[in-house]
Each structure stands twice: as structure tokens, then as C-alpha cells.
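K.L.:
Kindly produce the complete structure, drawing on both the sequences and the hints.
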Amino acid sequence: MSEHDALRSSGAVERVSERFYSGVWGVLVRWMRVPKEPPTLPVPEGEEVLAIHPSLGFLRYLKFWFWLVLFLTDVVFVALWVALIGAIPWAGFVTTPLWLAIIIVPDIVAYVAIHLRYDTTWYVLSNRSIRIRRGVWIIREISLTYENVQNVRVSQGPLQRYFGIAKLQVETAGSGGSAGAHGGGGSASNVGLIEGIDHAEELRDLIMARVRASRSAGLGDEHAGYLSHDQQGMWTPEHLAALREIRDLALAR
Amino acid sequence: MSELDVSPTSFDPRAITRPDDKLLTYYVLMSVLTLVAFPITFTVFYIRFKTLRYRIDDEGVSMSVGLLFKKEVLLTYRRIQDIHVERNLIHRWLGLAKVSLQTASGASGAEMTLEGILDPEALRDFLYTKMRGARGETEHAVAADDAQALKPADEALQLLHEIRDAMTVQHGQAS
Chain A
791 MSEHDALRSS GAVERVSERF YSGVWGVLVR WMRVPKEPPT LPVPEGEEVL
841 AIHPSLGFLR YLKFWFWLVL FLTDVVFVAL WVALIGAIPW AGFVTTPLWL
891 AIIIVPDIVA YVAIHLRYDT TWYVLSNRSI RIRRGVWIIR EISLTYENVQ
941 NVRVSQGPLQ RYFGIAKLQV ETAGSGGSAG AHGGGGSASN VGLIEGIDHA
991 EELRDLIMAR VRASRSAGLG DEHAGYLSHD QQGMWTPEHL AALREIRDLA
1041 LAR
Chain B
279 MSELDVSPTS FDPRAITRPD DKLLTYYVLM SVLTLVAFPI TFTVFYIRFK
329 TLRYRIDDEG VSMSVGLLFK KEVLLTYRRI QDIHVERNLI HRWLGLAKVS
379 LQTASGASGA EMTLEGILDP EALRDFLYTK MRGARGETEH AVAADDAQAL
429 KPADEALQLL HEIRDAMTVQ HGQAS
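Residue numbers (my numbering), protein chains in the order written: chain A, 791 to 1043; chain B, 279 to 453.
Honestly, the hints are just simulated from the structure, not real lab data.
You can take every hint at face value.
Below, a list of computed lysine to aspartate or glutamate pairs in the DMTMM-like style, where the Cα atoms sit at most 25 angstroms apart:
(1) B:K349 to B:D336
(2) A:K826 to B:D397
(3) B:K348 to B:D299
(4) A:K826 to B:E399
(5) A:K957 to A:D988
Partial selection, computed: residues in chain A whose CB lies under 7 angstroms from chain B:
(6) R930
(7) L934
(8) E937
(9) T962
Just so you know, even glycine gets a beta-carbon here, dropped at the ideal spot from N, CA and C.
P.N.:
In C-alpha cells form, the structure reads like this:
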């Protein structure tokens, strides 16, 4: 399935890591009740629902940060270790397993976490709405209709441009909370955060076309029909004719 | 508005009037996590659990909670801006979920948080189909409203005709 797309199996290391990763997924699905299948959206018959992960560029983007942070932290730890060996050689050698654990274990965890984050992020798009799911410990899902969208924000940094991805924030008038709409998701709960996609412009145009087509303010407004009655008037010629007859009868008395 | 039978399954949202009993289990677990403060937190949670009431009808959703300080929130389907479903690890183990509804009010959090929902997908999809713009119902809705709004005018016409007829009769009698 798609979560294995990211890990292209070629060598022995890849095969082992793939086995390991599918084992992690087995635990997640079985013991942590993480749904493996994408969320669905109720749509009229015949309409397609698009369920996608972020683009693979997003995975590469996350891994770039992973290697950067790994390099910087491990340089510090190795330097500390070497310093300890230099100062108290026996202590440095005795604590070797500890140092190796400090240097290696968090990296594996973080690397797996990146893949899990990627594989548990689902963007489900229909012609009318978006549903977004993300999270492993806490799984959050947001559903919103394009009709309620207030604005769309597309942002892309230089590094994201290099990886060919962009971040799309779809905002409704829902209660926003703190303005800090940052990656973790959930801080600004009225924002549908669609990060790491490679066709942000298409999606932006699709949503904005919807927003423009709608005459309402996206606030659950009632239909414009109510207003137009007052404007066009309630009295038809028939009414007026009947009223004239009444007037004439009244005058004749 | 007889659109309640939208979902293909036999899910009846009106049956949801209370959180599921598993929510009490969840509250117990959460209270245990507070260690020494267990009696206090559990009392608070227990009262909350016992007083939580949901009402999902043709027009909207309402919930009330509280014993000493009562709180009640009411909202209509069309004002819902977005729907959130949140499940942490313990929720998932118990099969529970938290469904939050947001309207366009200025509050910082969700306007309404339905805790202890056992069948979140069905409820969520039900609410979703009731949301504005979820289906192409806008045109039909306008037409229906037009017909409704025109009715009083026709009644006025009929009334005028009746007055005219009555006056004709009266006029005939008088002369």
C-alpha cells in the first residue's frame, strides 16, 4: 500500500527497515487503534472522493530537517563523549553503550516518527468539502465545506520551494483560538491545514472558485430569496383589481 | 426538513441524548492520573457525566451540563462552520470520540463539544450532510422558500376576494 511507496525496497537494509516499519504499523493498528484506511466523505453517487497523503516532497523536506538536526546534535554528543574519554578514559569506555544509545536511539525514533506522521496524514477532498486527518497519539479530524471558507492562504518558503511543496491553509469563520497556526495542528482549530502538497495552486483555484461562486458570507446566512420578495412587491395586478373593486363598492354605498 | 434519513445506515442521531457509559470509565482513568486530587477531580467529572445531556433534532444540536452552575448551548445546523473529531489513545481503546462543533462566534474554543460519542463517524457524517454547502441543496432550498413566502400573498388575494363578495352581498341586501 501507499505507506510503502516512501520506502522503495532495493537493498537488504531497505527490506529490513520496511519489515520493521510494517511491524510498527501492525502495533499501531492493533494496539493503538490507528485507522489504516483513509477517512471517507459522504458524497452523492457517482462523485469521486480524492484521498491523498502529502506529496513525497514533504517526506524529503521532513527528512532534510531530520538529517540537519541529527548532524548538529550528534556532533555535540560525540564531542562530549570524546572529551570524556580524553579526561577520564575508563569512564568514557565504560559508558560506551550509554553514549551509543543516546546518539542512535532518538534518531531511529525520530525517523520512524517522520514516516508515521507522513502516513497518518490524510487529505480527503470532494467537490464540496475537505476532511483532514492527522496525528498518531491524538487523531484529529476536521471537516469543512468550501461554502464556509473565508480565505485561503498559500505559503512556501525557499526550502519548501526546493522540494516542490507548499502549505495551504483553508480558514473558515469558525472560532479560531490562538493565532499561532503552526505545524502541530489543533492550535488554530478553524484552519484546515494542508501542508506539503505539490499542487497547491490547483487546490487554491478550486476552493476560491467555490468561494467566489457563493453569494453568502459563509456564516450560515439564510437565502437571498427572503429579501427579494420585499423588493419585487407582494401586490400583483390581480390584487390591485380586487382592491379597486372593493373601493368601488365602498364608494357606491 | 425531512432530510434526517440521509445516512444509508439505520443511524438515528436523535437517540443520542447522553454520553456513552464508557465516558465514565474514561473520567475515572483521567481522575486516577491526578493521583492525590482524585476525590476532587472525580467528583467534578462524575457530576459532569451525570448531568451531560444532548439533544439532536430537526433544527440543530443542543447540550446542557452542570448541577450547581448550569450551562446550555444551542446551535442550528446551518451555522456550523466546521466539525472536529478528536480521539486520543484512551478514547480509541474505549471506542469513544469527542465531536466538536464550531460556529462563527468569537469564542476561542469550540462552541460545543460532544464528549463520549460512541459512533463518531455516523454522527459526524450526519452533521456534515446538515451543514451548509455539503450538498447541492441550495437551489432547491431557495425554491421551497419562495413557494412558502408566496403563500401569504395568495391568502391575501383570497381574503380580498372574500371581502369583496361579502360586501357585494351586503350591498345587495342594503339596496
